[in-house]
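K.L.:
Listed below, chain by chain, are the residues.
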Amino acid sequence: MVTTEKTSAYRVIGTRPIRPDGMDKVTGRAAYAADTRMADLLHAKILRSPHAHARIKSIDASRALALDGVKAVVTAADLPHIQSGIMDMGTTSAGTKWLLDNVLASDKALYHGHAVAAVAAIDPHLAEDALELIEVEYELLTPVTDVREAMLANAPILHPDLRTAVRAEGIDTPTDVATNIATHMRLERGDVEAAFDAADIVIEREFETSWFHQGYIEPHSATAFWSRDGQLTIWNSSQGPFVVRDAVARLLKIPVQEVTVVPQEIGGGFGGKIPIYLEPIAALLSKKTGQPVRLTMTREGVFQATGPTSATYNRIKLGAMRDGTIVAADAYLAYAAGAYPGSPVGAGVGCAFGPYYFENQRIDGFDVVTNGPKSAAYRAPGAPASEFAVEATINELAERLDMDPIDLRIKNATEEGKPNSAGVPFPRIGAKEVMDAVKNHPHYTSELQGEDVGRGVGLGFWFNAGLESGSSATINSDGSVSLTVGSVDIGGTRASLAMQLAETMGLEYEQIKPHVADTDSVPFTHVTGGSRTTFAGGWVAYELGIELRDKMRQRAADIWEIDLDSVEYSDTAAITALPDDEGTDRIFTFAELAAKMSSSGGQISATVSINKNTQGPAFAGHIVDVKVDRETGKVTVLRYTAIQDVGTAIHPSYVEGQIQGGVAQGVGMALTEEYYYDNEGHLANASFLDYRMPTTLDLPMIDTELVEVPNPGHPYGVRGVGEVPIVPPMPTLQQAVADAIGLRIYQMPMSPRVVLEELLDVGAASGIGAGSGTGRS
Amino acid sequence: MAIVHIPTHMRHATDGAATVELPGGRLGRVIDALLAAHPPLRDEIMLEGRVRPDISIAINSAMTENGLLEEVPDDAEIHLVPALGGGH
Numbered sequence: 012m013v014t015t016e017k018t019s020a021y022r023v024i025g026t027r028p029i030r031p032d033g034m035d036k037v038t039g040r041a042a043y044a045a046d047t048r049m050a051d052l053l054h055a056k057i058l059r060s061p062h063a064h065a066r067i068k069s070i071d072a073s074r075a076l077a078l079d080g081v082k083a084v085v086t087a088a089d090l091p092h093i094q095s096g097i098m099d100m101g102t103t104s105a106g107t108k109w110l111l112d113n114v115l116a117s118d119k120a121l122y123h124g125h126a127v128a129a130v131a132a133i134d135p136h137l138a139e140d141a142l143e144l145i146e147v148e149y150e151l152l153t154p155v156t157d158v159r160e161a162m163l164a165n166a167p168i169l170h171p172d173l174r175t176a177v178r179a180e181g182i183d184t185p186t187d188v189a190t191n192i193a194t195h196m197r198l199e200r201g202d203v204e205a206a207f208d209a210a211d212i213v214i215e216r217e218f219e220t221s222w223f224h225q226g227y228i229e230p231h232s233a234t235a236f237w238s239r240d241g242q243l244t245i246w247n248s249s250q251g252p253f254v255v256r257d258a259v260a261r262l263l264k265i266p267v268q269e270v271t272v273v274p275q276e277i278g279g280g281f282g283g284k285i286p287i288y289l290e291p292i293a294a295l296l297s298k299k300t301g302q303p304v305r306l307t308m309t310r311e312g313v314f315q316a317t318g319p320t321s322a323t324y325n326r327i328k329l330g331a332m333r334d335g336t337i338v339a340a341d342a343y344l345a346y347a348a349g350a351y352p353g354s355p356v357g358a359g360v361g362c363a364f365g366p367y368y369f370e371n372q373r374i375d376g377f378d379v380v381t382n383g384p385k386s387a388a389y390r391a392p393g394a395p396a397s398e399f400a401v402e403a404t405i406n407e408l409a410e411r412l413d414m415d416p417i418d419l420r421i422k423n424a425t426e427e428g429k430p431n432s433a434g435v436p437f438p439r440i441g442a443k444e445v446m447d448a449v450k451n452h453p454h455y456t457s458e459l460q461g462e463d464v465g466r467g468v469g470l471g472f473w474f475n476a477g478l479e480s481g482s483s484a485t486i487n488s489d490g491s492v493s494l495t496v497g498s499v500d501i502g503g504t505r506a507s508l509a510m511q512l513a514e515t516m517g518l519e520y521e522q523i524k525p526h527v528a529d530t531d532s533v534p535f536t537h538v539t540g541g542s543r544t545t546f547a548g549g550w551v552a553y554e555l556g557i558e559l560r561d562k563m564r565q566r567a568a569d570i571w572e573i574d575l576d577s578v579e580y581s582d583t584a585a586i587t588a589l590p591d592d593e594g595t596d597r598i599f600t601f602a603e604l605a606a607k608m609s610s611s612g613g614q615i616s617a618t619v620s621i622n623k624n625t626q627g628p629a630f631a632g633h634i635v636d637v638k639v640d641r642e643t644g645k646v647t648v649l650r651y652t653a654i655q656d657v658g659t660a661i662h663p664s665y666v667e668g669q670i671q672g673g674v675a676q677g678v679g680m681a682l683t684e685e686y687y688y689d690n691e692g693h694l695a696n697a698s699f700l701d702y703r704m705p706t707t708l709d710l711p712m713i714d715t716e717l718v719e720v721p722n723p724g725h726p727y728g729v730r731g732v733g734e735v736p737i738v739p740p741m742p743t744l745q746q747a748v749a750d751a752i753g754l755r756i757y758q759m760p761m762s763p764r765v766v767l768e769e770l771l772d773v774g775a776a777s778g779i780g781a782g783s784g785t786g787r788s
Numbered sequence: 036m037a038i039v040h041i042p043t044h045m046r047h048a049t050d051g052a053a054t055v056e057l058p059g060g061r062l063g064r065v066i067d068a069l070l071a072a073h074p075p076l077r078d079e080i081m082l083e084g085r086v087r088p089d090i091s092i093a094i095n096s097a098m099t100e101n102g103l104l105e106e107v108p109d110d111a112e113i114h115l116v117p118a119l120g121g122g123h
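In the order they appear, the protein sequences are chains W and R.
If you're matching positions, the first sequence starts at 12 in this note's numbering and goes up one per residue.
If you're matching positions, the second sequence starts at 36 in this note's numbering and goes up one per residue.
Errors might be hidden in some of the hints.
Listing some non-contacts, in silico: residues in chain W with all C-beta distances to chain R over 12 Å [as the list claims (entries may be wrong)]:
| hint | residue |
| --- | --- |
| 1 | ARG66 |
| 2 | ALA105 |
| 3 | ASN165 |
| 4 | LEU198 |
| 5 | GLU199 |
| 6 | PHE437 |
| 7 | PHE474 |
| 8 | ASN622 |
| 9 | LYS645 |
| 10 | GLN671 |
| 11 | THR683 |
| 12 | PHE699 |
| 13 | MET712 |
| 14 | GLY724 |
With the C-beta cut set under 10 Å, the calculated list includes, among others, these residues of chain W facing chain R [stated by the list, open to error]:
| hint | residue |
| --- | --- |
| 15 | ALA433 |
| 16 | GLY477 |
| 17 | THR618 |
Reference listing, derived: stretches of chain R covered by chain W, where coverage requires no fewer than 3 residues with Cβ under 8 Å from a Cβ of chain W [as the list claims (entries may be wrong)]:
| hint | segment |
| --- | --- |
| 18 | 57 to 65 |
| 19 | 76 to 89 |
| 20 | 94 to 100 |
I should point out that these hints are in silico values taken from the structure, not numbers from a laboratory.
Note that the Cβ used here is the ideal one computed from N, Cα and C, for glycine as well.
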């Protein structure tokens, strides 16, 4: 192991050690869910609906079951009947009935790729052959994939029983008619209309964003074995084994104690591996056959049937005085949830005006079902779309006011004590520090040169989550410490948690051996998501360290036959007391005392569970330079700088990596990624070849600047860092393109086709050559 | 008295009141008192005998960690915070 130079006031925190799982992952030795092997393993495949909206009239699997080597078929008829309930899914919650119907379609297939049936066979090819023998009779229905069309009164209805839940006062959304609008929510303060009337400048803009998939490299995979004694064990790829355990138990109506989930290494999740899709199916197939069953999605299945983030339509109206004070703000946010209610519009509402304090503001959010895959969490779920709309409008407002866009933001920035949109005052936050850092960054102050090049800026805000975590730690006789955690390691959390335990105990990082355990071996731990793991898991590590230190002091006191209060634990893990009556020093190194544990009362260990919600909200500011090719419409990112309040950077390399990863995904949203649906609601680009994500060849080195405003609600000042960096890229790039070619594009992504069409539209409208027009503000 | 701030979308259940004043004590008792004063709030806040998973409660700006066992000081400001997620 290599530990580089210390960069903070701490001894271990702020260094950059190698992650314990790094070598296995880069050499291909790490075991992922699809690597699961066991005797008598059966292979399963899923039959998916070829239609976006269809009633399932009948399913006949008799020919498939007659095929030699086919062991079982399951359909929705094999699932329990559940009508109500809400399940806590970690950073979000979901309706239980909807979750069950999404696993296997019951009366209706609601999107292209909706799972209809599954087959288990002795080999995967046979299972695929058997799918073709299952006869499903469909009655085709008209699909609706666009969120605004789905909101119309005459739209095709997905769920005849669905009625709008109104979470707002004084609005006229009907609540007694069949609709696709699942929820209308509103957050409001002040007198918005009067403030608009008093404003010197009012600007209103509309925006659209596509569906964006998380694009994790590893497809979903689950292996289940339902033993004859009734114990169900699942080996899978998931961000939260406990959430999977609880969801499977609830959906299959079995006790939690009968389910064990063994998390495997995970090849990316970004929120998309919080929901369950395969686990109940694999479990039922195993129950029917008495054999273990492995089910791995195809890439096509991942795109068609797992949750991207919502496509959205958003409208923003801002009113400002000439000095730049924004006195009124109004947001209308409509998010496509996909087939079942539960888009991230709530977070979109909460985050829309996040970096700012406006005295008069109103945010309306609509959760709308459409014939697409059920949306899932995706890195700051809901925030990129709403904040894109607000940030882009603020950039235009700055232009109208002839004001530096960062100065405008600083003038309206929120701060400690100001209420967020839900009315809760902010704790200590680094919003203004981030804005100052952007303004003073050499990138922002540098001169931009060249033809058709432009620069943009934008901010981002995300709540960050806390929630429950638990871990145990055991001191080994050689002076090392085994740390057992329940958090799946996605972004280097074995390292970041081990570092916080090492810091607390005065040990070296290399003395801590972290291990991710199954749901029977560690206390309940929520998902690795919401930027919570280093925060909440680190808090657990801190409390474990304090408890182990106290137990080591007690052990030394017992050996020396003195009071606990006389024993001290030093910053270098030495256990000391004043010399005895003969003047003999009383001192144990940590390793010396660890070696005496067995002969002085036994091993020392500790288990801690916490539910900490003093999460530190995160703010980010980005700067980008681009060049636009007027012939092709291609936008090339020339330079990118991401500045972020990260609280305390426990492992700066992994913090920087999180920021760079978030930026890369945000650039994909802004420039290339989108779902193509045809008129029948078929997804036309369900492959990495056609769903174009940025690669290293598309991006420059993404420079990062870490602003460290410690979170007072954490012993080491940790804030979540993984989500907020995906928020600013869309508005930042939109502004840069506008700066480069004088055209503001209000739909994401700004793919070459879209840019070219905009250039051609302006050229045609003005009667002059493409690209000579000005912004259409 | 502790002040419970009612989100706009729940004010239909409080006859439009934006705040409700209640004695401090355990959060569970404060919630009981709130529901006794405004029974229509029950559907907004509770599900299956516990606080809905899509509702968080902040006491003096800090999200609760001990659920309904949290102690509410007499001068506390309580916020009911709506879900991060969307509808159900």
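K.L.:
Does each hint fit the structure? Answer for all of them.
P.N.:
Outcome of the hint check:
No beta-carbon of chain R comes within 12 Å of the beta-carbon of ARG66 of chain W; the shortest separation is about 23 Å. With a least CB separation of 7 Å from chain R, ALA105 of chain W falls inside the 12 Å interface cut-off, contrary to its annotation. For ASN165 of chain W, the condition that its CB be more than 12 Å from all CB atoms of chain R holds, with the nearest at approximately 22 Å. Not every beta carbon of chain R lies more than 12 Å from that of LEU198 of chain W, the smallest distance being close to 6 Å; the non-interface claim is violated.
The claim that GLU199 of chain W lies off the interface is violated: its Cβ sits roughly 5 Å from the closest Cβ of chain R, which falls inside the 12 Å cut-off. Consistency note on PHE437 of chain W: stated as away from chain R, yet its beta-carbon is not over 12 Å from all of that chain's, at 8 Å minimum. A cut-off of 12 Å between C-beta atoms contradicts the statement that PHE474 of chain W is not in contact with chain R; the least separation is 7 Å. Once the 12 Å rule is applied to beta carbons, ASN622 of chain W is inconsistent with being away from chain R; the minimum gap is 5 Å.
Its beta-carbon lying about 35 Å from the closest one in chain R, LYS645 of chain W satisfies the requirement of being farther than 12 Å from that chain. GLN671 of chain W, annotated as away from the interface, keeps every beta carbon of chain R farther than 12 Å; the closest lies near 25 Å. With a closest Cβ-Cβ approach of about 26 Å to chain R, THR683 of chain W is found to remain outside the 12 Å limit, as its non-interface label requires. Distance to chain R confirms PHE699 of chain W as a non-interface residue, since its nearest Cβ pair spans about 28 Å, more than 12 Å.
For MET712 of chain W, the condition that its CB be more than 12 Å from all CB atoms of chain R holds, with the nearest at approximately 33 Å. Here GLY724 of chain W does not stay apart from chain R, with its beta-carbon only about 7 Å from theirs, under the 12 Å limit. This hint holds: ALA433 of chain W has a C-beta 5 Å from the nearest C-beta of chain R, less than the 10 Å allowed. Restraint check, GLY477 of chain W versus chain R: the minimum CB separation of about 7 Å is within 10 Å; hint holds.
Proximity of THR618 of chain W to chain R is violated relative to the hint, the smallest CB-CB distance being about 18 Å (cut-off 10 Å). Counting residues of the segment 57 to 65 of chain R whose C-beta sits closer than 8 Å to any C-beta of chain W gives 0, which falls short of three, so the coverage hint is violated. Closer than 8 Å: that is the beta-carbon criterion, and the segment 76 to 89 of chain R has 5 residues meeting it against chain W, so the requirement of 3 holds. Using a Cβ-Cβ cut-off of 8 Å, 5 residues of the segment 94 to 100 of chain R lie near chain W, which meets the minimum of three, so the contact claim holds.
In summary, the numbered hints that this structure violates are 2, 4, 5, 6, 7, 8, 14, 17, 18.
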